[in-house]
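A.B. asks: Using the hints, position chain V against chain W.
Chain by chain, the residues:
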Amino acid sequence: MSAMERLVQEFSRLPGVGPKTAVRMVFHLLKRPPEEALRLARALEDLTRKIHPCRECGNFTEDELCSVCGDPSRDRGLLCVVEEAFDVGAIERAGRYRGVYHVLGGRLSPLDGIGPEQLGVERLLARVVGGGIREVILATNASVEGEATAVFLEGLLRPLGPRVTRLARGIPVGSDLEYVDGSTIAEALEGRREM
Amino acid sequence: MHLSRLEVRNFRNLAAQVLEFPPGGVALLGENAQGKSNLLEAIYYLETLRSFRGAREDHLVAFGKSFFRVEGEVQGEEGEGAVVAVAFDRALRKKRLTLGGREPQRLGDGLGTLGAVVFAPSDVGLVSDGPGVRRRFLDLVLSLNRPGYLQALQAYRQILGQRNAALRMTGGGASVEAWDSGLVRAGARVVLERFRWVERWGERYSRYFFRISGGEAGRIRYHSSFPLAGAVSEEEVAEGFSAALGGTRHREARLGSTLVGPHRDDLVLTVEEGERERELRDYGSGGQKRTAALALRLVEAATIREARQREPVVLLDDVFAELDAARSERVLALMEEEEAGQVILSAPKESDIRLRRHTLVRWRIRAGRVET
Numbered sequence: 001m002s003a004m005e006r007l008v009q010e011f012s013r014l015p016g017v018g019p020k021t022a023v024r025m026v027f028h029l030l031k032r033p034p035e036e037a038l039r040l041a042r043a044l045e046d047l048t049r050k051i052h053p054c055r056e057c058g059n060f061t062e063d064e065l066c067s068v069c070g071d072p073s074r075d076r077g078l079l080c081v082v083e084e085a086f087d088v089g090a091i092e093r094a095g096r097y098r099g100v101y102h103v104l105g106g107r108l109s110p111l112d113g114i115g116p117e118q119l120g121v122e123r124l125l126a127r128v129v130g131g132g133i134r135e136v137i138l139a140t141n142a143s144v145e146g147e148a149t150a151v152f153l154e155g156l157l158r159p160l161g162p163r164v165t166r167l168a169r170g171i172p173v174g175s176d177l178e179y180v181d182g183s184t185i186a187e188a189l190e191g192r193r194e195m
Numbered sequence: 001m002h003l004s005r006l007e008v009r010n011f012r013n014l015a016a017q018v019l020e021f022p023p024g025g026v027a028l029l030g031e032n033a034q035g036k037s038n039l040l041e042a043i044y045y046l047e048t049l050r051s052f053r054g055a056r057e058d059h060l061v062a063f064g065k066s067f068f069r070v071e072g073e074v075q076g077e078e079g080e081g082a083v084v085a086v087a088f089d090r091a092l093r094k095k096r097l098t099l100g101g102r103e104p105q106r107l108g109d110g111l112g113t114l115g116a117v118v119f120a121p122s123d124v125g126l127v128s129d130g131p132g133v134r135r136r137f138l139d140l141v142l143s144l145n146r147p148g149y150l151q152a153l154q155a156y157r158q159i160l161g162q163r164n165a166a167l168r169m170t171g172g173g174a175s176v177e178a179w180d181s182g183l184v185r186a187g188a189r190v191v192l193e194r195f196r197w198v199e200r201w202g203e204r205y206s207r208y209f210f211r212i213s214g215g216e217a218g219r220i221r222y223h224s225s226f227p228l229a230g231a232v233s234e235e236e237v238a239e240g241f242s243a244a245l246g247g248t249r250h251r252e253a254r255l256g257s258t259l260v261g262p263h264r265d266d267l268v269l270t271v272e273e274g275e276r277e278r279e280l281r282d283y284g285s286g287g288q289k290r291t292a293a294l295a296l297r298l299v300e301a302a303t304i305r306e307a308r309q310r311e312p313v314v315l316l317d318d319v320f321a322e323l324d325a326a327r328s329e330r331v332l333a334l335m336e337e338e339e340a341g342q343v344i345l346s347a348p349k350e351s352d353i354r355l356r357r358h359t360l361v362r363w364r365i366r367a368g369r370v371e372t
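Protein chains in written order, with the working numbering: chain W, 1 to 195; chain V, 1 to 372.
Since the hints were made in silico from the structure, they are not lab data.
The structure displayed is predicted, hence computed values, not measured ones.
Note that CB positions come from ideal geometry on N, CA and C, so glycine has one too.
Just a few of them, taken from the derived set where beta-carbon distance is under 10 Å, the chain V residues facing chain W:
hint : residue
1    : Gln-105
2    : Pro-147
3    : Gly-148
4    : Gln-151
5    : Gln-158
6    : Ile-159
7    : Gln-162
8    : Asn-164
9    : Ala-165
10   : Ala-166
11   : Leu-167
12   : Arg-168
13   : Thr-170
14   : Gly-182
15   : Ala-186
Quick list of the computed label-pair ranges, beta carbon to beta carbon:
hint : chain 1 : residue 1 : chain 2 : residue 2 : range
16   : W       : Thr-184   : V       : Pro-227   : 24 to 34 Å
17   : V       : Asp-282   : W       : Leu-125   : 51 to 61 Å
18   : V       : Val-83    : W       : Pro-34    : 47 to 57 Å
19   : V       : Pro-227   : W       : Leu-160   : 29 to 39 Å
If we strip away everything but chain W, and leave its shape as in the complex, we get (with noise of 0.2 Å):
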């Protein structure tokens, strides 16, 4: 195989990218001068040997722990459960959560092979069994799979004592009842509240 297809099938492994995408993209760095696609070798690489897993939490930094877990001023008694560290960018990104954050680095998918095991459960189970923590928040995904897990974290946590809840589900902010399919219609009918 030579470089260039090695490049190809490389850059098509990546999420979104399909085979077109990626021949387009190996063309553009062999157009452009050498140091350009040696800057993107440098920051794969740099990406391997720096980043890892926050001890704590499970999220990606630079350090031992990550800025959420190395922020004193974090709520450490208010845990929320994701399943992806991108996760933990969204909800920061809201900026109106104040507390600490597990990753789960998944969800249950037997189909995957993906069971308790493999999300290391284990280990958030250890956290909520060291103490302090009053509430854990499931912010798993709306899927049929974030929603399993949830149920099965639910089960594992309620006899640890913390309050157990999860994200409500519903219309999107700002936009028109119209516009939204009936599920999630469906879904916010189930969920609504008294005013």
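C.D. replies: Structure of chain V alone, referenced to chain W:
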């Protein structure tokens, strides 16, 4: 509503052509293997985005071509219309759907634009084949006519697959039960919709069966894998489902698959003979089976009429070829009464055109090309 225009490219043996359909319909005449059924298949593809003959998409692409495309225009009485187009690329193995030139969010949003029902000789399989065929029939009718059904069904299938994998992975316990609430929720919705459909249309089915058979009492019943006991609400069905799941834990752990739920249900078709009620699948004659299949399709047409408040487009694929003379007379009379919309039928020769004989426009088809 009627199909006013159809454009096909690289679909089976059909030549690339644009056809303008009259509102009343057409009779498509042609020898065997000239493309009659292929044309009906292309039309019905716009309704369900799949082949009514169960063919895979890459088999629908004309030999040596890389894609097919079907576009149809539907027109209402007041001139309001809709254009739906589907293309399939063999190399990318991707279907692309557009409605009025726009790609909808989900492929499922494009289902049922035409409002059509197809009658084909293979329909007898609805009665004589296994339960899976009847479940597929129910699922298709309900997906096309009941909002939310398709989503519930898709969620159910996905959860079922995960749950079965969890059963094989661990044999049971919390990691299997985590899927139960989702399974029960989606499953209860599916079961209740199917059950209600049978309740709503059972009597009508029996009436059609009586007419076509010339006086026999045929019945239809929804057979659930757990007791429904007159359950009327989603909560009650969910409760029954949940209890049944609980009762099969040991067995399902041993077998590695979920043993109760809508994926194990059936639509039971029977006929009264003397004092006894006999299942058509096992005991029905060829004529009785064909009668039941026709009655099911007529009920499907009635469902479309009620759900969408319009006359369905009726596609008849050489359907009377295997029916005895008396039965075909009776079903023709019934169709003349019931079906007021567009009829597109295929027949090998002029004398086989028995519906709307005096009004249908004749088209000939030869080697995939229609001569209007």
